[in-house]
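The listed protein sequences correspond, in order, to chains A and B. Each residue of the first sequence is one higher than the last, beginning at 2 in my numbering. Each residue of the second sequence is one higher than the last, beginning at 2 in my numbering.
Simulated from the structure, these hints should not be mistaken for lab results. Note that the coordinates shown come from a computational prediction; the quantities given were computed from them, not determined experimentally. One should not assume that every hint holds.
The list cannot tell twin chains apart, which means a pair is met if one copy fits it or any two copies do.
Stated by the list, open to error - The calculated lysine to any residue pairs, modelled on SDA-like cross-linking and capped at a C-alpha distance of 20 Å, are: (1) LYS55 to ILE45; (2) LYS5 to GLY15; (3) LYS60 to THR161; (4) LYS60 to GLN71; (5) LYS5 to ALA222; (6) LYS6 to LYS174; (7) LYS208 to ARG63; (8) LYS5 to GLU165; (9) LYS217 to CYS122; (10) LYS182 to LEU120; (11) LYS183 to SER44; (12) LYS182 to GLY223; (13) LYS55 to ASP29; (14) LYS204 to ALA157; (15) LYS174 to SER185.
There are 2 protein chains.
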Amino acid sequence: MTQKKKAVVLLSGGLDSGTVLSIVSNSDYECYCLSFRYGQRHSIELEKAAQIAKYCGAKQHRIIEIDIAQLGGSSLTDRSMEVPKSRGNLDEVNEIPNTYVPVRNLIFLSYAVAWAEVLDCKDIFIGVNCYDYSGYPDCRPEFIESFQRCANLASANAVTGKGEIAIHAPIIKMTKAEIIKKGSELGFDYALTHSCYDPINAKPCGKCDSCQLRLKGFREAGLIDPVEYAD
Amino acid sequence: MTQKKKAVVLLSGGLDSGTVLSIVSNSDYECYCLSFRYGQRHSIELEKAAQIAKYCGAKQHRIIEIDIAQLGGSSLTDRSMEVPKSRGNLDEVNEIPNTYVPVRNLIFLSYAVAWAEVLDCKDIFIGVNCYDYSGYPDCRPEFIESFQRCANLASANAVTGKGEIAIHAPIIKMTKAEIIKKGSELGFDYALTHSCYDPINAKPCGKCDSCQLRLKGFREAGLIDPVEYAD
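If we strip away everything but chain A, and leave its shape as in the complex, we get (with noise of 0.2 Å):
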């Protein structure tokens, strides 16, 4: 038996990070996931993000604690910001929501090239996707490159000789139906994952924006969304 390469992927417990470690698990890798808690308003997102890594056979699932929340500017981690219900049609939003957190994924991903280079691993997924919502600036694919040339001047590989890192984002150019068909047709159980920014009993609230983008996603796949909503 030859050995799988080792991949670090980020997992949130969401639709697009479970896709994505869905796509990777069923490729000639070994899952190394890595989730997040960092002062999220609800836990949820990591207890799917747990569940998720086990239904895909991941080899470690760890989770790291980031207090990103005392640095504020976030709806999602500052508890006197609302959340904003809707922004309206949300192929017009170009301003930022205020559920951003900033740069987080320059954080997470750099938290990943640090264990990466611990586990002599080469490849880091994220699951981010520039599409569907355009608000975040480090979803971006000039983002992920830029990042990927970075993390190589950082990394001790680079001196050592051990071979450069590479960023994959598989579906950072696929609409929502897109990797929720793809996430189909490989098995993978929605069920498992968490949209919502305001869950109501545990329940996603059907009402917020992510949640608006998820079922909008699986009407245009014409698939059902297996997840129970809140009334």
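Fit chain B to the known structure of chain A by using the hints.
Leaving out everything else, chain B in the frame of chain A:
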């Protein structure tokens, strides 16, 4: 009175970052100091950082908890590894010492960018230095330049046109002696700084690489290190 510009200054409690804070606080900046608790064996560094921030009149000092230690890979955070006493002639060293924490500066700078964004601050200062210690890849000028490009792609400022972030590394091309001379000219008190990897009863050992570099720097600067060493 005109309002001072804001600066986020990474502050470890060591000689280099202390000098940088001295330089920045003597310029036209209001300083927001950022330190990290990342499983260091000795909390003395963070106590020193707090004293230095106060001494230099910093506006704020935040300490972020990061649990990089669970990822392993460094004798500075992994208690099962031994800290090397001396690796011989430091000028001849080109391997990466096991005191290296994987991509530490990448992680620290990422948090700095997050805070800078929240503060609406455009200037980040870091005390990396490429001459005295060539073993750390994330202390090189090409890493700092690459990180600045990456940070501006990650940041909301890049989208909203609020202006770009600059990563400043004012001592990156200075020798340890030049750094010490500069700080001394500015009236900085090096008794407040801590450099030792392996202190004995809270006093620096005088033997580890970091102590040796420091002592060599004071010797070459023609100055006396005001810190009291262990016997």
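### Query
Broken hints, numbered, in rising order?
When the structure is compared with the hints, numbers 2, 3, 5, 6, 7, 9, 10, 11, 14 turn out to be violated.
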